Structures are given as C-alpha cells and as structure tokens.
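Visitor: From first to last, the protein sequence lines stand for chains A and B. Start counting the first sequence at 998; every next residue gets the next number (the working numbering). Start counting the second sequence at 687; every next residue gets the next number (the working numbering).
Please keep in mind that the hints were generated in silico from the structure rather than gathered at the bench. These numbers come from a predicted model, not from an experiment. The reader is advised that the hints may include incorrect statements.
To be verified - Straight-line alpha carbon distances no greater than 30 Å define the calculated DSS-like cross-link-like pairs of lysine-lysine that follow:
{"#": "1", "chain 1": "B", "residue 1": "Lys867", "chain 2": "B", "residue 2": "Lys1085"}
{"#": "2", "chain 1": "A", "residue 1": "Lys1151", "chain 2": "B", "residue 2": "Lys699"}
{"#": "3", "chain 1": "B", "residue 1": "Lys833", "chain 2": "B", "residue 2": "Lys879"}
{"#": "4", "chain 1": "B", "residue 1": "Lys719", "chain 2": "B", "residue 2": "Lys745"}
{"#": "5", "chain 1": "B", "residue 1": "Lys1127", "chain 2": "B", "residue 2": "Lys867"}
{"#": "6", "chain 1": "B", "residue 1": "Lys699", "chain 2": "B", "residue 2": "Lys710"}
{"#": "7", "chain 1": "B", "residue 1": "Lys1085", "chain 2": "B", "residue 2": "Lys1005"}
{"#": "8", "chain 1": "B", "residue 1": "Lys1085", "chain 2": "B", "residue 2": "Lys879"}
{"#": "9", "chain 1": "B", "residue 1": "Lys935", "chain 2": "B", "residue 2": "Lys879"}
{"#": "10", "chain 1": "B", "residue 1": "Lys867", "chain 2": "B", "residue 2": "Lys710"}
{"#": "11", "chain 1": "B", "residue 1": "Lys879", "chain 2": "B", "residue 2": "Lys1010"}
{"#": "12", "chain 1": "B", "residue 1": "Lys1125", "chain 2": "B", "residue 2": "Lys1137"}
{"#": "13", "chain 1": "A", "residue 1": "Lys1151", "chain 2": "B", "residue 2": "Lys708"}
{"#": "14", "chain 1": "A", "residue 1": "Lys1143", "chain 2": "B", "residue 2": "Lys1263"}
{"#": "15", "chain 1": "A", "residue 1": "Lys1143", "chain 2": "B", "residue 2": "Lys862"}
{"#": "16", "chain 1": "B", "residue 1": "Lys867", "chain 2": "A", "residue 2": "Lys1143"}
{"#": "17", "chain 1": "B", "residue 1": "Lys935", "chain 2": "B", "residue 2": "Lys1003"}
{"#": "18", "chain 1": "B", "residue 1": "Lys1286", "chain 2": "B", "residue 2": "Lys1263"}
{"#": "19", "chain 1": "B", "residue 1": "Lys1101", "chain 2": "B", "residue 2": "Lys719"}
{"#": "20", "chain 1": "B", "residue 1": "Lys867", "chain 2": "B", "residue 2": "Lys846"}
{"#": "21", "chain 1": "B", "residue 1": "Lys1256", "chain 2": "B", "residue 2": "Lys693"}
{"#": "22", "chain 1": "A", "residue 1": "Lys1143", "chain 2": "B", "residue 2": "Lys1127"}
{"#": "23", "chain 1": "B", "residue 1": "Lys1137", "chain 2": "B", "residue 2": "Lys1127"}
{"#": "24", "chain 1": "A", "residue 1": "Lys1143", "chain 2": "B", "residue 2": "Lys1125"}
{"#": "25", "chain 1": "B", "residue 1": "Lys719", "chain 2": "A", "residue 2": "Lys1151"}
{"#": "26", "chain 1": "B", "residue 1": "Lys710", "chain 2": "A", "residue 2": "Lys1151"}
{"#": "27", "chain 1": "B", "residue 1": "Lys1010", "chain 2": "B", "residue 2": "Lys1125"}
{"#": "28", "chain 1": "B", "residue 1": "Lys862", "chain 2": "B", "residue 2": "Lys1026"}
{"#": "29", "chain 1": "B", "residue 1": "Lys1291", "chain 2": "B", "residue 2": "Lys1256"}
{"#": "30", "chain 1": "B", "residue 1": "Lys1137", "chain 2": "B", "residue 2": "Lys1166"}
{"#": "31", "chain 1": "A", "residue 1": "Lys1143", "chain 2": "B", "residue 2": "Lys719"}
{"#": "32", "chain 1": "B", "residue 1": "Lys1088", "chain 2": "B", "residue 2": "Lys862"}
{"#": "33", "chain 1": "A", "residue 1": "Lys1143", "chain 2": "B", "residue 2": "Lys1005"}
Next come the chains, spelled out residue by residue.
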Amino acid sequence: MARHNVTVTVNGEAHSREVDSRLLLVHLIRDELALTGTHIGCDTTHCGACTVLVDGVPTKSCTVLAVQADGAEIGTVEGLADANGMSALQEGFMQEHGLQCGFCTPGMLMTGTALLARNANPGEAEIREAISGNLCRCTGYVNIVKAVEYAAAKMAGADDDAPAAEEAN
Amino acid sequence: MADATAKPRTSAKICGMGHSMKRKEDPRFLQGKGNYIDDHTLPGMLWLDIVRSPIAYGKIVNIDSSKALEIDGVLAVLTGKDLEAYGLHWMPTLMSDTQMVLPTDTVMYQAQEVAGVIATSRYAAADGVAAVEVEYEAMTPVMDPFKALEDDAPVLRTDKEGQEDNRIWHWEAGDKEATDKIFDEADVVVREKMHVPRIHVASIETCGCLADFNPVEGHLTVYMTTQAPHAIRTVLALVAGHVGLSEEKIRVVSPDIGGGFGGKVPVYPGYVIAIAASVVLGKPVKWIEDRMENLQADSFARDYHMDAEVAADAGGKIKALRIKTLADHGYADAQAAPSKFPAGLFSICTGSYDMENAYAEVDAVYTNKPPGGVAYRCSFRVTEAVHCLERIVDTLAHKVGKDPATLREENFIPKEAFPYHSPLGWEYDSGDYQAAMDKAKEMIGYDDLRKEQAEKRERGELMGIGVCSFTEVLGAGPSKDFDILGIKMFDSAEVRVHPTGKAIARFGTKSQGQGHETTYAQIIAEELGLPAAHVQVEEGDTDTAPYGLGTYASRSTPTAGAAGVMAARKLRDKARKIAAHLLEVSEEDLDWEPGTFSVKGAPDKSVTIQDCAFAAYTNLPEGMEPGMEATNYYDPPNLTFPFGTYICVVDIDRGTGEVTVRRFVAVDDCGNIINPMIVQGQIHGGLTQGLGPALYEEMTYDEDGNNQAGSFMDYLVPTAVETPAWETGHTVTPSPHHPLGAKGVGESATVGAPPAIANAVVDALAHLGVTHMEIPIRPERGWGALRGEGGEGGWVVSVMGWGGVRASQW
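The shape of chain B in the complex, shown without the other chains:
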C-alpha cells in the first residue's frame, strides 16, 4: 500500500501511486483543443433561448408569441401549454419532489423559465425572447423562511395534493431526551445562531446541452454538462418514456466540463426544453445559458439557519451538541442528495470531538426562491455542519477562557478510539487529529503568532488567528443506505488490456477538472504495473462507460477508483495464471513486482505484464477464456472520513473593516495519496472556494423576490488579488477499508476554510466583545462590528445578521 510520505512503490516509468505525474488532459486544454459543450455543433443545428420571469410569484395571464414568430429566424415558441400536450411540463427532482419544466399558469421564482424560443441562430433566439410578451398578475412572494412557517403564510405549493403549509420535511438524528438531560445538568452551555447563506458554485463554464433527436431511428443523443451522465439518462427515460424515449434509445455524452462543483448534477428545465424542442422539430437544438441565467436560476447551495448549543463541563470538555435548523429550499426540494438523506450528511456535525450525545434536527421549507440545494463542493451539507460546530467550539473556548487550539485538542477523539462510533451513528474509519493539529501549529508558528497578536492588540491593531479541525464524511456510498431515486450509489470501472500491453479504462464517474484521466491511469498502473502513460481513461459516454452514479461529493476515488483497483486485480490474477503457464511453474511459485512476474528464487526467469497481455490473445493456458478485460461494480463497505486542521491569520483594517487573510496553513489527511500534485491542487482550489463564501459570496434577494447578486458584478468570487498564497501540508492515515487506503480530497478545503477564516475574524475582535460574525464577512460587517466597539460590541453584528432578507425570528 503506497504512502505519500514513503517512496512510491512503482518506478517513474510506471508512475503508479505517489508520483506527481503531469496531467494527461493538459495538452489539449492548453492548446485550445478542449471539447466543451458550446464547442459542439451539428449540421442544421437550432438554438434555444429562454424567456424568464421578471417577478418572483404570480399568475401568468397571457403569453403572446406572435411578435416573436414574425422575427426572421425564429421557428417556434414553446410554452408550458405546449409541453402539457406531451405530459412534459412537470418533472421529478432527485429528492422525489416535483418542479415545473415550463409553467402553465403560475411562476414561483424570479428567473423561472416561462417559454423557450427556438431559432436558427443564437442572436435570432435572443431577439425572439425579447419579443415574447407575457402578462403577469403579481402576487406577494414569501422570501423569509421563518415567515413561510407562520400560520398566516400563503401555501405556495398548491399543486401538491395534501400540502397544507410550506413545510417540506422534518429530519432528526440522535437521542433528544438524553441530550436534553446533559444540557440540563451541564456546567456550561453556549449558544450561537448562525446562517450559512445561499451561495452559488459559479463554475466558469455555465450549463448547456445539445439535444439531437433522430426521428427516423427514434434515437436521442444529448451532449450535456452533467456530472452524472448515467443517472441523467435513467431520469430522462423515466420522465420521457411515455413519449417513446426508452433508455436504450437515449445516449448522454458529457464532454469536457468547465467546472462542476455540484452545480452540474441536477436536471434543469433548459435541458428538458431543448430535448423537447429537438423531438418536436426533428433537428438538433442547442441551449447554452448565460451567466445571469446561471446565477439567477440554477441550483443554489447552503441556506441553513442554525441554532446551535454546546454543553460542557467547567473545564471545557464537551458533553453534548444540540442543533435546530431551518433549511430554505426555495420553490422545490431539488437537492442533489442521497434519497434517504434529506438533510444530506449533516449528522457529521459532532465532527472531530468525542462527546456523550448529540441531537440535530432540520426543517425544510418552501419559499419563492429558485429551487435547489446542491452541495457546492461538499459532501451533502457537510459544510454547514462543520461551520456550525467549528464556530461554536470557538465560542466555548472563549467562554471557558481557553485557547481554541487547546480546547480542540482536549476534546479530540483519540486515535486509539478508531474505528469510532459517533453519537449520530457514523463509524469513522480512521483518524489521528492531534497529528494534523501539531503539524499545522508548527507550520504556521502558532505560539509566536499569539505573542504577535498580543503585542499588536496593545498597539490597537486588529489581528486574529483562526483554527478549524474538521472531519468530513464522503464517498457515498454503501448500497444499504445510499441511493438516488432507488439507484444504489456504487460506481464502476471496466479495464481492457490490448494485445500490445496498452489499456483502456472506462469509469462511471465524470471528471470536471479533477484530473481523472491521470489519477485513474495511475491507479491501474499501480495495480497492473503498466505505465500510466499507456492507460487511456474514458468517462462520460453512456454508450461506452459502465453504469455509475457520477462525480460529486468527493466520491470518485472512494467508489470508482476502488472499482478500478478491483478490476485491475482481477486482471492481475488472470495474468498470474498466464505467467505460470508461460514460465511453466505453478502460480504459487511466482513473485510479483509491479509489471513483472518472476520465479521465486530465480528472478531472472520472468515475464512482464505486457507478455501476459499478449499471451491472453495468442498463447493461453488450456481452457482459459481469451482476452484481458475485467469489470467491477464497487459497493463501498463504509464511507471515508478525511480530516485536517486549518489555521489562518487575518488582519482587519480599523478604518474600513476590510479583512485580509495574511497566512493560511492547511494540513489535510486524505489517507494514501494517488498524485500529490493533484491533491495539492484540489486543496488550493477548495480553499479558494472556502475563502469566497467566508468573505464575499452570497446570493441575496430583496423582499419582493428580486435577486441582488445576479451577475459577476454583484456575486463576488475571489480573484488572484484577494486569494492568499495557500500553504499546505499533510499527514497520512490510510482508510482501512478502501483498497488503496485512499479517502478522497476534492472538497475538504471548501468545508474547512470558512470557519477557520470566520474564527480568525472573531478572534481579532473578541476583546471588543464580539462573539460571532455571520459569513460572508464583507467589509461592512467588519466595519459594523468595529462601530460597536467599546460599548455593545456584538450588537451591530447581530443586527446585521442575514444580509439581504433578514430572518425575522432571530
């Protein structure tokens, strides 16, 4: 088993695990030869553009398409009534809710799709959109999730039989009674109310598709920006089966994807309209959303209002955790989460700390905001859980007068306690939290920073140090618990070695920048001893790739990566039999070094894996099935639990409240590492997508339901100037159940960074009485906190609570 701190087991020529192999996908991306969705064209291709609602809630009185249809190049305008004729005006969400494809009578959020204009060019389609006249009768939207639960709130989902209020579901985990008892008897109880606001993945490539229905064959090919092509094909077959689109006649191809981060998991109405238009017109139809559509209508992430409490003894030993949460899902529960986990994996909220009990509950509500609930680079609500816990642990440290790092260390689950059973039901596979903490403190020079902070505080300068020791849960997941619309969350690999010893490996996942073409090749190289350069990796085409659930929630290495290992091991077993045949010895007499079988005691008597591959087609042992091909569908026995400690230093400008992240050290432990260069790149990117929500990113609405962050002018993502030079380190605690000891890493940093930054800001202001800051901590929030200094330090902060739409009850 390879270990990133140890020398790789394979040579640089083979380039298995532990080598920082340069990426195989890079040359095409660097030379402008990537093949993204908007790069696809087909003969006779038409364009779809979408008419969207300017209001958040209202009745559609009339849609007049006549002027649009007079425009040269505009061929058709599709409305909800048109789709209704085919039974395609509604579709299921991945969480068994329903949402409109196009409305027949009511719009439920601003930017909702109202009609589709099909034209012969991009520009003509846009002209058509501008010319469609829609008359609305506006109604008062429900934008505040707390008000949505009040008795006099209008019921929004009148389309749902039996829906009498705006509640979607209630979820809870843990022993409430036992937890309450601990709280009643605790020496210390701290409480914080916090909002992890609505944000958007904002991948630089927006979403789109090219639907190509062949009316002669009755066959549909859809090129689309999807992280889960197989699941999408099955959903399409379920939704459109009644109009003749059965699954064998649907091919979904996911080409190069310009960033996914969870935002390219759902099925958006635009995809369905494009497909319907292609079926109706018998021509290829392309839909590419623009940035404003992407930000205003595509699935959001987060939007959890959490009321958290921790019970502890007087010394700060945590006894129990209690969290009450309100989840604003907008118009529909269109989350991309496993079916049995409506609140995702929020129950990881006990994190890295050993405690007696915990209780967490989430209530989900409908409002007049766009539907969704994707993960934004996290494993289903882990970010919300970690932010909540890591913030309130700091509050506890402040309350009992302990250094936040020390308090964490005193509460860590000890490494001897693994596998550890958490109070909310998880079995953590492995961990050594103190090792990560020690390394992070050493790298950043923690004790010296505390001295510097004390000196600066004397001089009136504002400097803060923030700590976060997170535990993630990812790799969904074991089939007994994890499914999406009933489909078990296994993943798959199919490996074929050609006669000349080169291979193709296909997977059920889909890379969006993670580098699967490289790391999967390294996995096969590690197991088979073929050079990774000789392993071609393919994903994303449902006609050729084995069935899998796709890439999100850091699941590719834990699931499909493991499937690649198991498939390769089947081939190695077969190769061993062939080697015994070629060397005329028994299998037991063979030693294996990556790439070579040799006879025990006679190492010069050997054959290579390439020799064995050639023999699989030319010189087989009697009775053996020819060929060199194996498939594995991997059902993981457990999830994986990566962890880490992040420490950051911020400086705050006294005059403006602006926060600058001066240093940020991230020590991650993702088990054994396949490609150190790629892992570090994933951490860098994740940290930046943690910096954004901590300091800048937020999707807000005014009380009339108008989106206030609908373009990159208002939705602020970090540039190179705000982003610090990230410093990374790692420890290695292998997963005991993953065949490579790997855990997955793509999202750890997005999860761990926001509380580290928020904790640093609060730490900088703590002496002014500030105990909590809501994210994103834009300058106005820091400035507001400073304005309250000397008197009611936290007062301004609490008033500035929720950004655009203020929650009413807290």
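The shape of chain A in the complex, shown without the other chains:
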C-alpha cells in the first residue's frame, strides 16, 4: 500500500507522519498523535463524535482521509482551553449541565466553537440547526443549547447577564 508523508498542524503544533493512503484522519489524530479527546461513534458521518475543525470548518474526521488533511490547520478539543482555563463554551457546558457521559461532548464543543466564530449571537433555532449533525443520547439537547447561549453571552462581555452559576434549583 502506498505511503504518504502528511503534515498537519494540530492545535498550533506541526506534526509529520508517513501514513497509509487509507488512514482516516480520526485515526491519525487518536492513534498516531495520541489525542484521544476526539471520539468515534458511527463510521457513517451521522453522530458527530469525531468532529474536529479543519481550517476552521467543523469536519467529521471519521470520513476524511489523513492525506486529505495534508497541510491543514486542525483544531481538536484538547486545544480549546488555554493557560487562562477553559473556553467560554467549555465553561458554558459545565455551568449549564450540557454534558453527561461526555462522549459526544468534544464534537459538540467543536461544532459550537465554529458556530460562535461565524455567528456571535445565535438564536435557539440556529443553535439546534448547527448541532443537528451531532447526536447526544444523554442530555436531550436543552442544556447544550443553553451552554452555547451562555458562551455567546460571556463572549459578548455580558458576564453579568450570564445565567446564575450556583443553585439552579
């Protein structure tokens, strides 16, 4: 089988590997680069657990070949938090209880991050449409929508308007 040199920049760090033609991008990320935050849930591009950003675009990495990503900037869940802590969206998921088992969460976060990058103040219907390619079996989506709204509010500098963090009861 033909081998190819592939160079990708993942979360700002360049990696070069020689890979088989058929190696899936998700396996390059998980098995070769040991970034296991990106998950595999369906193999048919339906569940979105494997969503990463390829040059800023949410992409299901289980149906993209690693060679197709040669030269690309890739963003994964491991790159969302920085020295200052979790991103506004990660914080929103925690504050609004937008995750349970956590398996779909990295894909949701990447899709949500891309949504907020192109639309700083999405409405509920826009959020639901944006995440409709990411399946979740635990949360019923309500709190994921709230998590995105929380992040949008925080990123707009409206921290004071963010929903109360403690004592939701």
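Chain A is fixed; fit chain B onto it per the hints.
Guide: Same frame as chain A, now just chain B:
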C-alpha cells in the same frame, strides 16, 4: 431529611443534598481527558475484529482462513472449533439460557459472530475479516414470533435438550379467575393490541474491551465497557474457571463509559473472544465494535406484542386489567433481568390506578433475531407495561366520553391509600398522583389547550394533547426476591476519611454519565458534613471497589446511594464518640449540625468532623479501633415507586403526516432530590429517549432476516432539531424506607414519554375514527391514518401494524 422544595440543610460550602453542585467529572470530559475504552493502549497490544454472518439462519459448511493468514499483520483466526478445544464456545446468559460465543456448525441470526481475526493493527484485522471465506448453507429463518409458535414451525434451539418447540417460558401474575369474572360482568370493556417494537439503546460509544492476560502470573485484567463490573468478573470466573481463571486472578476495570442505558450490562461474544485470544496469545487484545456491529448484533430492547383489555363501569371507573403478551427474545433469552423475573417488572402494569383485580401473562419465544432483552433506560419491562396501560386508559376515556386527564384523576390511587398493595403484588411505598397531575395541567395550561384544539379542529387543523400518569418500580432490589444468577441485588459503599479530613468513597455501581462522582459526594457531604468537594468517588475497578451489582434500572441511588448513607452514618457515630472524648463530655450532651459537634447549651464549645477525623488517627478514646473507615452492604427493604404526569401537545401536518411535538411538560416525583440540576438533566435525556421510540426508532427485519436499521442512516435517533425544549417540574413525595427519602430518577422519563406522545397523536386524529397508533409514529403512519379519514379511519393504521415484519395473527 432534605426536601428539594425546601432550603438545603447544608451550606453551599458543604454542598450536601438539594444543592445543584456543578459536576466533578466535567473538567476532564470537557478538555478531552476522559478515559474511555478505546483510549486505552498497552505495549504489544493486538487487535480483534470479527467475521459476522450475512445470513439469519444456516449451516456453516466451511471456514477457510488461509487467505486471511497470508495478510501482513494477521496473526490468528479463531473459530468456534478453536474455542471448543477450551470449552469456551458456549456461554450462559444472565437468564440461565445459553448462547454461542462462536458457532461450530450453525448460525442463528444475521451479524452473529462467526470468527475472530487477531492482528497487529486495527486495519490489518479488518483486512483479515474481509479475507476469511465462510461457506454457508442457508435455511429459512423464523422471523415472526407468532409463526414461531405454530405447530409446523421448525424448532430453532435444537442444541437444548428437551426443547420441542420455540417456547422459552410462560410467566403470569394475578388472579385469572377473579379477573375474568369482573370482565364477564363489566359495563364496559375496551381492548387494544399493541406492539412496543424492538429498539436499540445506541449509546454514542459502542462496546469494547481490552483483555490483558499475563501468562507468567496467570492474571487477567479486562478493561471493558460494563455497567456491572463485579457481576461480570464473577460470570467470567464461572465460565472460564476450568481454564484456570479463578476470580482472584481476574480484575475487571470499567473506565469512563460513553452511555450505557442497559446495553452495556450483558456479556457479548466479542468480550469473550478477546479474552480467549489474549489467553491463547499471551498478549493484550483490544476489541472495539463499530456502529453497524453495535446496532445489528448487540442486545435489543422491548419487542413485546401485547393484547390488553380494561373492564370498567359505565362511568369509566376501572375494575380490572387483563394483558396477554408475546415476547420475541430472538435466538436466546439474553435479558439482563433479575433471575426470578423473566418478564422483568411487567406486573407494574396496573400503574397509578386503583382496581379490583388484574391478570397478566407473557409467553417468550425464540426467533432468528439477535438475542437480548436489555432494558433501554428502564427498570426491566416497565416501559412496555406503562405504554400498554397508558394507551388503553386513553381508549377507555374515549369510549366513555371523558377527558383523558379527568378519567385518570377519577381512577388514581388516593394518597391516603399508601403504602398501597397492587393487585399484582407490589407494595407501593408512597405517592400523590393528583399533585403531579395538578402541577402538569397548570404548567401547560390544559384547559386553554383544549379550547385551542377545538377551534383548530373547526378549521381542519390537527392538534392533539396527550396525557400519561405513570408509576415506575425501581431500585432492585430486596434480596428475598432479587438476584442475578443467584447473587443478591444489594449494593455497597466503602467510605474512608483521611487524617486531614478529606475522604475517598468507593461504590459497587458504575456511572455512565449519571454524575455519581458528584451526587455520591453530596450524599457523603450531607451525612458527614465534609465538603462534597473533599470527597473523591471511585467506581468500576473490581480490585478496589466493594462488591455490588452495578448501575442499571435506576438502582444506584436506591441501593448504593443508601449504602453510602449507612456507611457515613457509622462514621458519624464513631466521630460522635471521638468528639465526646475531645470535648470531655458524654455523647448525649452533643448536638450535631452538618460538620460540627457542639456541646448542648454551649455552642461555642465544639469540634468539627475534620477534628474528629484527625483524632481518629492521633488521639483516640481508650480502647477505640483506630482509623475512620466504614463499609455498608445495603439490602433495600422494598423497591421505590417514582411517578409523574406528562402532558404533551403535538401538531400533525395534514399533507405529510409528520408529527411535531410542540410542547412537553414533565412533572416528576422521585422523592427527595440530591442534585436538582442533575435530576433535571436525567429527565431531559430520558424524555429524548422516549421521543425516539415514540416517533423514530425501530429495529426491523425483512422476512429473510436482514436487519433493516443497521446504521445511523436507518436507525433514527432524535437530533436537536426534532427534540422540543422540554419543560420540567416536580413534586416531592419522599420514600418512607430509603434513608434519604430518595427514589431514583434516571429512567422515569423514558418510561413516561412514549405513551404521552402516542396519546397526543391519537387525540389529534380521534375525530377521524382513529383509536390507536403503533409506535414509532413515523410520517408514513400518520399519513396512512389521514388517508383513511372520513371513512374507515382506523383501517389503514391497523393494516400498517408492525413495521418491517408484520405479526401474522393480529
């Protein structure tokens, strides 16, 4: 005792019951640092991939592995004959049936495991699977459970001595004669035949394991996606004891689990093949199934064909219930249910209504479908029972001309009647059904909706309102009745407070997203007054956690949660003795506020629980055993009976038959609440896993036994677009026997949502003569019902009965 409507007893710093504490597990999941099964690797690890049967029933003529073994990286191909040499080609199910690990001569369902390919990489193993050549001699499968019972049906389980037909078992509950008499004399009898179809939990993480046998030590470690690690270890010891794997040499570790919902309770052949391969090759072997394998071969849920009748007086007062059921178990009875309950807890089918008598029976049959019968987020067949009752109660309301909410209210078990003894033998612990109904009606504006519906109907628009008032039964269970393979269904907790006042608490259960690391810490905080942030919770490692039966059937809070309370109370009792010693008073002279013992009448004279913990290691009363550690194995005195009323509003597109859930109000009562945020999250998720089976999810087969919903292209689970913005509320009726007054909540919504939605759809179409709709109500079913309007309204619906394989007798 904390009450969710009241102020929490502990401060926000301690964060005991009633606080919406943010989850301790979230930071690792949010930063991609969860540790799920496929994230595990070991040096020298090999990969297992599985050859599966393309046909539903047939003889294996030959398996030729030669081409696979020529592939670079493929090391071995394991077949049933290979496992037979070790006596590992068959295994027991949890219901004392048997199933093949790998076949030696016959395949019994499509996607059945036929051989295992072991290779040095994921890709090489898949290449090997494609290269294994299997020659089959196909036979005609039995796909229809009714036909399976006909005299001329071929006997499928010829491997079972004495098996002369396809019956597995007959189960019944109640007084048939007395029930029949009530029916004979009743003013009104209504009847519906309904199918709760075969569905699949479809957790986003599939199943898998990493088996690591150390040939030098003779020790096996298995990392696996299991909801019940201790029970699995015992089963492994029973199955593989004869090849030297005794229980002390087996360690099962259940890591972070990406959703379970019952689907990760059984032992699947893939686990056993991976373990066998690791033992044979002396190397770690990993098996991760893909989605198609997961949907096509792993344990299904439901598949109950029910013929239900209700007897009532002319005013709609229910007198009796009678249900005859056929249960399609596929190739083997591989349910995950308590041993003495082959039909699970189906006898909860009298639900929230007071009636004189009831009789229920279930016959289980074999067919050529994958084996199983897991619960899919329900407490052992409660979903089937509730769907049946809540649908037919609506039929009764329609028949006697009453509003379905009113008819329910007139039949509720009154709150004074608790503890209530149901006709089928349960003792309901507590309930106030009217309170939940009142709250749900108020939240959704029931009376206004009825007016809106009448106006819309005038204009030809289709709008329906559906009500469901369910009662659940969960928390299995008391050891006198409940066991799995003889192991009593207690659960356990072990709490150790360190000298500096921080604690570790270990449990016999296993979280799959429910948030145990948070809620269990809150339970310990409530009882000991230590901040929940200082309590580390661990589960899932059989080497360190106390023995328990695991997490399913909403049993964690009723069993292990209670064990945590009892263990913490032992420590509080010990701390009280230490406090008396430190303060130089007698124990009786001490008051307890969470976290602090103080002298009665002199509140400034006090010691903290942390002081007591330190003293347990440094300054003990004479004769006291050092340390601060306690264990409890909790055997619940009864089950718990959560309940609720759900009301939903649907709109139906006249042109396409598409159903849209416009609003859905869920009022739940799960007793006292540990973490309101987490409880609400459980309800949201449960409702969505009720929406799916009500409108979209179904695992169907054609008559040749081909699975027709084997990937997410065909097995439809709800996305954020179809899912409504759930509205939740609660009432609080504590359980009188649980030490926290809690009942458990994880599955109520999955149980209650489908009939509420189905009732709303039928309600929208009732004026067209429709009395029943089978679930899932996909657009074609709604459209079919509409096509019959004006004439034989229900005719099309009844013809469209069973989806892919139509039951023959109804």
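Visitor: Taking the hints in turn, state whether each one holds.
Guide: Each hint, compared with the structure:
Annotation: proposed proximity of lysine 867 of chain B to lysine 1085 of chain B holds, straight-line Cα distance about 21 Å (limit 30 Å). Simply put, lysine 1151 of chain A and lysine 699 of chain B have alpha-carbon atoms about 25 Å apart, close enough for the 30 Å limit, and the pair holds. A C-alpha spacing of about 17 Å is found between lysine 833 of chain B and lysine 879 of chain B, which places the hinted pair at or below 30 Å, so the restraint holds. Restraint check for lysine 719 of chain B and lysine 745 of chain B: not satisfied, since their Cα atoms lie roughly 46 Å apart, outside the 30 Å limit.
Distance restraint check for lysine 1127 of chain B and lysine 867 of chain B: the Cα-Cα separation of roughly 36 Å exceeds the 30 Å cut-off, and the hinted pair is therefore not satisfied. With a C-alpha separation of about 15 Å, the suggested pair lysine 699 of chain B and lysine 710 of chain B falls inside the 30 Å cut-off, and the hint holds. For the hint pairing lysine 1085 of chain B with lysine 1005 of chain B, the CA-to-CA distance comes to about 15 Å; that is within 30 Å, so the pair holds. Restraint check for lysine 1085 of chain B and lysine 879 of chain B: the C-alpha separation of about 16 Å stays at or below 30 Å, so the hint holds.
The hinted pair formed by lysine 935 of chain B and lysine 879 of chain B fails the criterion: a straight-line CA distance of about 51 Å is larger than 30 Å. Using a Cα cut-off of 30 Å, the hinted pair lysine 867 of chain B and lysine 710 of chain B is violated, with the two alpha carbons roughly 57 Å apart. Using a Cα cut-off of 30 Å, the hinted pair lysine 879 of chain B and lysine 1010 of chain B holds, with the two alpha carbons roughly 9 Å apart. Pair hint lysine 1125 of chain B plus lysine 1137 of chain B holds up; C-alpha atoms about 19 Å apart against a cutoff of 30 Å.
At roughly 18 Å between alpha-carbon atoms, lysine 1151 of chain A and lysine 708 of chain B fall within 30 Å of each other, so this suggested pair holds. The suggested pairing of lysine 1143 of chain A with lysine 1263 of chain B is violated, with an alpha-carbon distance near 48 Å, which exceeds 30 Å. Distance hint between lysine 1143 of chain A and lysine 862 of chain B is unfulfilled; the C-alpha atoms sit about 52 Å from each other, more than 30 Å. Restraint check for lysine 867 of chain B and lysine 1143 of chain A: not satisfied, since their Cα atoms lie roughly 55 Å apart, outside the 30 Å limit.
Proximity of lysine 935 of chain B to lysine 1003 of chain B is assessed by CA-CA distance (about 60 Å); at most 30 Å being required, the pair is judged violated. Distance hint between lysine 1286 of chain B and lysine 1263 of chain B is fulfilled; the C-alpha atoms sit about 15 Å from each other, no more than 30 Å. For the given pair, lysine 1101 of chain B sits about 48 Å from lysine 719 of chain B by alpha-carbon distance, which is inconsistent with the 30 Å threshold. For the given pair, lysine 867 of chain B sits about 39 Å from lysine 846 of chain B by alpha-carbon distance, which is inconsistent with the 30 Å threshold.
The hinted pair formed by lysine 1256 of chain B and lysine 693 of chain B meets the criterion: a straight-line CA distance of about 26 Å does not exceed 30 Å. Between lysine 1143 of chain A and lysine 1127 of chain B the alpha-carbon distance is near 26 Å, which keeps this suggested pair within the 30 Å criterion. Only pairs whose Cα atoms come within 30 Å are accepted, and lysine 1137 of chain B paired with lysine 1127 of chain B is accepted, the gap being roughly 14 Å. Distance hint between lysine 1143 of chain A and lysine 1125 of chain B is fulfilled; the C-alpha atoms sit about 25 Å from each other, no more than 30 Å.
Pair hint lysine 719 of chain B plus lysine 1151 of chain A holds up; C-alpha atoms about 24 Å apart against a cutoff of 30 Å. Between lysine 710 of chain B and lysine 1151 of chain A the alpha-carbon distance is near 22 Å, which keeps this suggested pair within the 30 Å criterion. At roughly 34 Å between alpha-carbon atoms, lysine 1010 of chain B and lysine 1125 of chain B are farther apart than 30 Å, so this suggested pair is violated. Under the criterion of a C-alpha separation no larger than 30 Å, the hint pairing lysine 862 of chain B with lysine 1026 of chain B is consistent with the structure, at around 20 Å.
Restraint check for lysine 1291 of chain B and lysine 1256 of chain B: the C-alpha separation of about 23 Å stays at or below 30 Å, so the hint holds. In summary, the hint linking lysine 1137 of chain B to lysine 1166 of chain B is not supported, as the alpha carbons are separated by about 51 Å, beyond the 30 Å threshold. Taking the CA atoms of lysine 1143 of chain A and lysine 719 of chain B, the gap is about 23 Å. The hint holds against a cut of 30 Å. As the CA atoms of lysine 1088 of chain B and lysine 862 of chain B are separated by approximately 28 Å, the hinted pair is consistent with the 30 Å bound.
Distance restraint check for lysine 1143 of chain A and lysine 1005 of chain B: the Cα-Cα separation of roughly 46 Å exceeds the 30 Å cut-off, and the hinted pair is therefore not satisfied.
Violated hints, in rising order: 4, 5, 9, 10, 14, 15, 16, 17, 19, 20, 27, 30 and 33; the structure is consistent with all others.
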